[in-house]
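There are 2 protein chains.
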Amino acid sequence: MHIIVQKFGGTSVADKERMLQVLGKVKNGLDGGAKMLVVLSARAGETNRLLALAAEWSDEPDPAECDALVATGEQVSVALFTMLLKDAGIKARSCNGQQLGIVTDATFSKARIRNINTDTIQCLLEEFDVLVVAGFQGVTDDGRVTTLGRGGSDTSAVALAAAAKADLCEIYTDVEGVFTTDPNICGKARKLDRVSYDEMLEMASMGAKVLEIRSVEFAKKFKVPVMVRSTFSDAPGTLVTQEEESMEHIMVSGIAYDKDQARITLRSVPDLPGVAASIFGPLAENKLSVDMIIQNPSREGVTDMNFTVSRKDLRRALSIMEETKQKVGGLEVLYDDNVAKVSAIGVGMRNHAGVAAKTFASLQRENINIIMISTSEIKISCIIDEKYTELAVRTLHDAFGLEHSSYLEQA
Amino acid sequence: MHIIVQKFGGTSVADKERMLQVLGKVKNGLDGGAKMLVVLSARAGETNRLLALAAEWSDEPDPAECDALVATGEQVSVALFTMLLKDAGIKARSCNGQQLGIVTDATFSKARIRNINTDTIQCLLEEFDVLVVAGFQGVTDDGRVTTLGRGGSDTSAVALAAAAKADLCEIYTDVEGVFTTDPNICGKARKLDRVSYDEMLEMASMGAKVLEIRSVEFAKKFKVPVMVRSTFSDAPGTLVTQEEESMEHIMVSGIAYDKDQARITLRSVPDLPGVAASIFGPLAENKLSVDMIIQNPSREGVTDMNFTVSRKDLRRALSIMEETKQKVGGLEVLYDDNVAKVSAIGVGMRNHAGVAAKTFASLQRENINIIMISTSEIKISCIIDEKYTELAVRTLHDAFGLEHSSYLEQA
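Taken in sequence, the protein lines are chains A and B.
If you're matching positions, the first sequence starts at 25 in my numbering and goes up one per residue.
If you're matching positions, the second sequence starts at 25 in my numbering and goes up one per residue.
For the record, the hints were derived by calculation from the structure and aren't laboratory data.
One thing to keep in mind: the hints can contain errors.
Copies of the same chain look alike in the list, so a pair counts if it fits in one copy or across any two.
Mimicking BS3-like on lysine-lysine, the simulated pairs with C-alpha atoms at most 30 angstroms apart in a straight line are [what the hints assert, rightly or not]:
1. 189 with 51
2. 40 with 336
3. 382 with 215
Predicted model only: the values in this text are computed from it and were never measured.
Chain A with its partners taken away, still in its complex shape (with noise of 0.2 angstroms):
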């Protein structure tokens, strides 16, 4: 069975008329002889209204009863597209999904799918042509409504292709793909036609946006080729796929930021055992992520400490470090919500030399003072103040030479 994986998100669905763009991708598909497992977002501002109706009825909704009202959001679509397929002739059924067993763990709004039932899959899609998901949602063990968290429906797309073993799976967008940086402040932005899960997974997780991180994970675990194209375009997408050889050719395929960051400083931290897990333990306990953390060497048994939250979360991170100075004596917090953070992006940094050095020279060429800096083997970060953000972006760039097309890009 030629099975094609398919996800619109809210923006594309919003309303009749763009449904009846949706309506076409869906036909090209079957016209090439493919099932179809069609994921559906919320219409635009739908799961907002939701949210917001919830903030109304409780100061801190109980997140099991948020997640079971914000899922309706998917459930309204999905109903409204498969009215038109079936309009258009087309042998289609909506599943939510607990009808499509798509079972996750009990973590309310940001439930990670553990399961999902092939064989229903199967069995629906020799009835259906066309099976319309509810995506962002899923059911615990115990029949729960859980959701995702946001862009959760990319998530769904990916793992569903996985479970169908479909051949691709299509993430419609309002971009065309995935560019050398955000085009709204570098004009010298460029489509990249592939990128690896790796690279795609770091500038997810800088920001880029592009697709869910999460989905991203689980492409690369399942070897799901993920296309990344628009919705209102007929132009070819970026596919994301298993790393080649021909991607370690170049330096650096793509330059993210991320302005959603705080900056804490932890002075006068005592550098004995079991003091980073003392400050670190209850953030985590509190499902606070912390993005960077960076430990200077201890002078006279103390020693400073930096590690940068996303910025909805600096408050109550605050609040925890308010409480962790009272178990770990003479500790000072300061924090910073002007920053920002910057990073190049490549596989080929593995063979190349010399990446980080060129990044710290271009930036200090244009006094950007870089605040904080973390790599990994394929991402040089540095923390940066917010205002020189863009900046930044296009400097480092121009200096990685992204306008023009790689060698990737050229085979």
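Position chain B against the provided structure of chain A, taking the given hints into account.
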């Protein structure tokens, strides 16, 4: 386990403020030591909003998808209300029809409940003190979402009460109970303390609108005591229950009316075997309910036939009759949609002679012409000109002395 079912309609859950009133009712039940099953409708206006969306998307929305769409209305209600319960420290969770195993047939938009998973309810009631259940919905054997039709939340409530072997099913509404007739057109209308299932069935089917008719059938079948009462007061309501001896002491318990009536007259119907079937068969196949049917004795091999349908079904019924004309030669089709039905109802009729005579005489005294008559063991119905409806109701209410407390009420 002491179990109470409470059902609240759309106006009772329209906004947070009203839901807080509902919360008070639920607490009353909990304070009495009961486990609670709370069945909610969609918030006022929500079902119509969703149906309007469906109409915007398709001229004839796929019925299964329409049900999947509309069922979200109740899911929103139960999630929001459960947030309030949780905030009040009550052990509660929401359940949709799928989660509770409310299995129906596959007649989308008018599904009938076939089975409810009693074990699931028992298990959940051991863990939670309140289950907040989305009314009006179920699932087919193969897991597709269905709705039970308008007013279906009443049926959900009674069916759940039967399945859970509840001690009482309270139907909260915006009136204080069941009245001898519509207080809006008869100032002397009086609230009944008790009414039998059979009387309630006739009143509901006559358009008394307090309880959905299928819910009463269910209640009768499973002997579920149903209390109809107001969300917005603490007044005792009307208990709908099994017939008792005291009820037979009164002739008539109530006067109902129904303006949603249209009469179709067939002239020159050949008086042959199979003709009635060829007329009413196609109507039944098209799921059109026919109410009264009257056939005059045949003269010269032809007869006249009169029947009534709901006004909204008139156009479809007439077009089916046009088809019937092709098959049954010589037929003439007339109609009148300015008629109404007025009925006197009471289990006491079984033991009291003269109810029919008194009804006809009373109407005649006011010069109200009776167009059609139909009687059952506990009901006499007359089709009259619509414009006389209010006068007829008041006349019969007076004639049977319904403003005075009956034997039943004194007991």
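We went through each hint and held it up to the structure:
In this assembly of identical chains, the alpha carbons of residue 189 and residue 51 lie at most 30 angstroms apart only when taken from the same copy (20 angstroms versus 51 angstroms across copies). Taking the shortest alpha-carbon separations for residue 40 and residue 336, only the inter-copy value of 28 angstroms comes in at or below 30 angstroms, while the best intra-copy value is 34 angstroms. Only within a single protomer do residue 382 and residue 215 lie at most 30 angstroms apart by alpha-carbon distance; the minimum there is 23 angstroms, versus 87 angstroms between protomers.
Every hint from the earlier list agrees with this structure, and none is contradicted.
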